[in-house]
Amino acid sequence: MVDGPHWKDIDRVLIPINIPHLHWYLADLDLLTWKMSIYDSAEWCGFFKTYAGDGSFKLLGDSILSELDHISYWAHFPNRHKPTKMEFVKAKHVTQQEKVKE
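Here the working numbering is used: the first residue of the sequence shown is 1, the next is one more, and so on.
These are calculated hints, taken from the structure and not from any lab test. Be careful, since some hints might not be right.
Keeping only pairs whose Cα atoms sit at most 25 Å apart, straight-line, the calculated DMTMM-like set for lysine to aspartate or glutamate is [stated by the list, open to error]: (1) Lys92 with Asp69; (2) Lys82 with Asp28; (3) Lys85 with Asp54; (4) Lys35 with Glu67; (5) Lys99 with Asp11; (6) Lys49 with Asp3; (7) Lys58 with Glu87; (8) Lys82 with Glu67; (9) Lys49 with Glu87; (10) Lys35 with Asp69; (11) Lys82 with Asp11; (12) Lys85 with Glu98; (13) Lys92 with Asp30; (14) Lys35 with Asp9; (15) Lys8 with Asp69; (16) Lys90 with Asp30; (17) Lys58 with Asp69; (18) Lys82 with Glu98; (19) Lys49 with Asp69; (20) Lys90 with Asp3; (21) Lys49 with Glu98; (22) Lys8 with Glu43; (23) Lys82 with Glu43; (24) Lys90 with Glu43; (25) Lys99 with Asp69; (26) Lys8 with Glu87; (27) Lys85 with Asp3; (28) Lys58 with Glu98; (29) Lys99 with Asp30.
A quick note: this is a predicted structure, and the numbers were derived from the prediction, not measured.
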């Protein structure tokens, strides 16, 4: 096991997300506000709208909350509100890839 910071000392988590054979984007989870900003360099593909609408982001948020339960994350913050869900937002001012014409 690699030594590193303890989860109780972390405020933000960067999560690379892959849509197999299509695209990568970055999620930035703020553990203080429970807001996940999605950085998508190909907004023209419509992935944010698709995954926000089909429940994929909700499943990701639920999975993260479940993992934090598993490692007893909340025991370190007795006065902190445990969220029931995360808020997903599209990050603003993300440099965009050019749409490739085939």
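For each hint, the structure was consulted:
{"no.": "1", "hint": "Lys92 with Asp69", "verdict": "31 Å, violated"}
{"no.": "2", "hint": "Lys82 with Asp28", "verdict": "19 Å, holds"}
{"no.": "3", "hint": "Lys85 with Asp54", "verdict": "16 Å, holds"}
{"no.": "4", "hint": "Lys35 with Glu67", "verdict": "17 Å, holds"}
{"no.": "5", "hint": "Lys99 with Asp11", "verdict": "35 Å, violated"}
{"no.": "6", "hint": "Lys49 with Asp3", "verdict": "38 Å, violated"}
{"no.": "7", "hint": "Lys58 with Glu87", "verdict": "9 Å, holds"}
{"no.": "8", "hint": "Lys82 with Glu67", "verdict": "13 Å, holds"}
{"no.": "9", "hint": "Lys49 with Glu87", "verdict": "14 Å, holds"}
{"no.": "10", "hint": "Lys35 with Asp69", "verdict": "18 Å, holds"}
{"no.": "11", "hint": "Lys82 with Asp11", "verdict": "15 Å, holds"}
{"no.": "12", "hint": "Lys85 with Glu98", "verdict": "34 Å, violated"}
{"no.": "13", "hint": "Lys92 with Asp30", "verdict": "16 Å, holds"}
{"no.": "14", "hint": "Lys35 with Asp9", "verdict": "18 Å, holds"}
{"no.": "15", "hint": "Lys8 with Asp69", "verdict": "13 Å, holds"}
{"no.": "16", "hint": "Lys90 with Asp30", "verdict": "14 Å, holds"}
{"no.": "17", "hint": "Lys58 with Asp69", "verdict": "16 Å, holds"}
{"no.": "18", "hint": "Lys82 with Glu98", "verdict": "40 Å, violated"}
{"no.": "19", "hint": "Lys49 with Asp69", "verdict": "28 Å, violated"}
{"no.": "20", "hint": "Lys90 with Asp3", "verdict": "33 Å, violated"}
{"no.": "21", "hint": "Lys49 with Glu98", "verdict": "19 Å, holds"}
{"no.": "22", "hint": "Lys8 with Glu43", "verdict": "33 Å, violated"}
{"no.": "23", "hint": "Lys82 with Glu43", "verdict": "31 Å, violated"}
{"no.": "24", "hint": "Lys90 with Glu43", "verdict": "9 Å, holds"}
{"no.": "25", "hint": "Lys99 with Asp69", "verdict": "41 Å, violated"}
{"no.": "26", "hint": "Lys8 with Glu87", "verdict": "21 Å, holds"}
{"no.": "27", "hint": "Lys85 with Asp3", "verdict": "30 Å, violated"}
{"no.": "28", "hint": "Lys58 with Glu98", "verdict": "29 Å, violated"}
{"no.": "29", "hint": "Lys99 with Asp30", "verdict": "30 Å, violated"}
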